[in-house]
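Student: Sequence:
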Amino acid sequence: MLSYDWLKILAAIAAAVLFICVFFTTVSTRPGQHQVFTVYGYRELFAGESADGFMADLKESGVFSYDILEATQETFGTGQYADAAFTARRSAGEGTVMFTTTNRTSEEDPEATVIGECLGGERAPMALDLDVYLQDCENYLIRFFGGDWREGALLEEEAEACFLKRNGKDRRFRSEEKKREGILLEYERLEQLREDYLFLCARMEDGTLSYVDVKDDAEVVHHKAFALGKLASLRKYYFYTETTKTETEEVTVTSAANVCMFVFRNDEDEGKAARYVENDLRYEPISYLRALIERFGS
Numbered sequence: 001m002l003s004y005d006w007l008k009i010l011a012a013i014a015a016a017v018l019f020i021c022v023f024f025t026t027v028s029t030r031p032g033q034h035q036v037f038t039v040y041g042y043r044e045l046f047a048g049e050s051a052d053g054f055m056a057d058l059k060e061s062g063v064f065s066y067d068i069l070e071a072t073q074e075t076f077g078t079g080q081y082a083d084a085a086f087t088a089r090r091s092a093g094e095g096t097v098m099f100t101t102t103n104r105t106s107e108e109d110p111e112a113t114v115i116g117e118c119l120g121g122e123r124a125p126m127a128l129d130l131d132v133y134l135q136d137c138e139n140y141l142i143r144f145f146g147g148d149w150r151e152g153a154l155l156e157e158e159a160e161a162c163f164l165k166r167n168g169k170d171r172r173f174r175s176e177e178k179k180r181e182g183i184l185l186e187y188e189r190l191e192q193l194r195e196d197y198l199f200l201c202a203r204m205e206d207g208t209l210s211y212v213d214v215k216d217d218a219e220v221v222h223h224k225a226f227a228l229g230k231l232a233s234l235r236k237y238y239f240y241t242e243t244t245k246t247e248t249e250e251v252t253v254t255s256a257a258n259v260c261m262f263v264f265r266n267d268e269d270e271g272k273a274a275r276y277v278e279n280d281l282r283y284e285p286i287s288y289l290r291a292l293i294e295r296f297g298s
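Each residue of the sequence shown is one higher than the last, beginning at 1 in the working numbering.
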């Protein structure tokens, strides 16, 4: 009888644990398709000493908006299964931005580069066209701040409508009080996006950032990535190695001079009128870029 009682007790404990797991899985908020911000490092890139914990720091310090629920980073490297892992991630629609390089991959062909192999030809649509992307962001800001979007006041009714459309049924905002708090967070999101976009434009104008060109399958050149080589401390985040020969030996050094970053195309909003944009979080990479410049720019 004692042994049977122990079996009943163990079964009851197991059932209770299972119930608790199912309950919290059911009531907790799971990140949606665009609520996870993921950074990838590609091919020959190595994560630097400051990479560990950087995404968590950005999340905790409020670099991302309230609607980004997770921030992660993964570096694929050149191992046996690296390309397969990357392909699997993209097949699942994962990844927000990716770091790669403009390093040459062939001594015979000066146009053969790592980013060209990654994004060139038929694969060009994998990344957003940055000319269109930045213009889309400006149009998005005009929607919420009016024609004088640089200085204009936030159109609160438009911002509230945007919030309710996106988060009206979100479990985080079920009560009226939580909805009001969420609307205030939406105001903050849009104000912060305006500041970050203006910051990015200024860094493009002063040459801190520049574009990397990639040809599509019709040999048309597009601005597909941001060149980050002028960020003085970028090696602390991502770097590659180079081997140089001296008279007596070969020396391996680290560099970030040719590192660049592109934004994955994860929606169908490119070039759409701002009022028809479905993915309101598609401009989070702009805030990420600002944080990157401020942290590693000097």
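Rather than coming from a laboratory, the hints here were simulated on the basis of the structure.
Idealized CB from N, CA, C, for every residue including glycine.
Worth double-checking, as some hints may not be accurate.
Each pair of labels, with its calculated beta carbon distance range [what the hints assert, rightly or not]: (1) ALA14 to ARG180: 20 to 28 angstroms; (2) ALA232 to ALA84: 31 to 39 angstroms; (3) TYR187 to GLU74: 49 to 57 angstroms; (4) TYR211 to LYS272: 39 to 47 angstroms; (5) GLY79 to GLU108: 25 to 33 angstroms.
Straight-line alpha carbon distances no greater than 27 angstroms define the calculated DSSO-like cross-link-like pairs of lysine-lysine that follow [to be verified]: (6) LYS178 to LYS59; (7) LYS272 to LYS165; (8) LYS272 to LYS169; (9) LYS179 to LYS165; (10) LYS230 to LYS215; (11) LYS215 to LYS272; (12) LYS59 to LYS245; (13) LYS179 to LYS169; (14) LYS245 to LYS230; (15) LYS178 to LYS165; (16) LYS215 to LYS59; (17) LYS59 to LYS179.
Student: Given the hinted pair LYS215 and LYS272, is their alpha-carbon gap at most 27 angstroms?
Tutor: Roughly 23 angstroms separates the two Cα atoms, so the pair holds.
Student: Just to be sure I understand the hint, the distance between the Cβ atoms of GLY79 and GLU108 should be within 25 to 33 angstroms; is that true here?
Tutor: 27 angstroms, holds
Student: Would the pair LYS272 and LYS165 pass a check requiring their Cα atoms to be no farther apart than 27 angstroms?
Tutor: 18 angstroms, holds
Student: For LYS179 and LYS169, compute the direct alpha-carbon distance and say whether it is at most 27 angstroms.
Tutor: OK: LYS179 and LYS169 at ~10 angstroms, within 27 angstroms.
Student: Does the Cβ distance between ALA232 and ALA84 fall inside 31 to 39 angstroms?
Tutor: 35 angstroms, holds
Student: Next pair to validate is LYS272 with LYS169; report whether the Cα-Cα distance is within 27 angstroms.
Tutor: 25 angstroms, holds
Student: Hey, LYS178 versus LYS165, does the alpha-carbon distance stay inside 27 angstroms?
Tutor: Holds: LYS178 and LYS165 sit about 15 angstroms apart, inside 27 angstroms.
Student: CB of TYR187 to CB of GLU74, is that within 49 to 57 angstroms?
Tutor: 33 angstroms, violated
Student: Assuming the hint says 20 to 28 angstroms, is it satisfied by the Cβ distance from ALA14 to ARG180 or not?
Tutor: 42 angstroms, violated
Student: Holds or violated: are the alpha carbons of LYS178 and LYS59 at most 27 angstroms from each other?
Tutor: 21 angstroms, holds
Student: Does LYS59 lie within 27 angstroms of LYS215 when you go C-alpha to C-alpha?
Tutor: The given pair, whose Cα atoms are some 34 angstroms apart, is violated under the 27 angstroms limit.
Student: If you draw a straight line from the CA of LYS179 to the CA of LYS165, is it 27 angstroms or shorter?
Tutor: At roughly 12 angstroms apart (the allowed maximum being 27 angstroms), LYS165 and LYS179 satisfy the hint.
In this structure, the earlier hints numbered 1, 3, 4, 12, 16 are contradicted, and the remaining ones agree with it.
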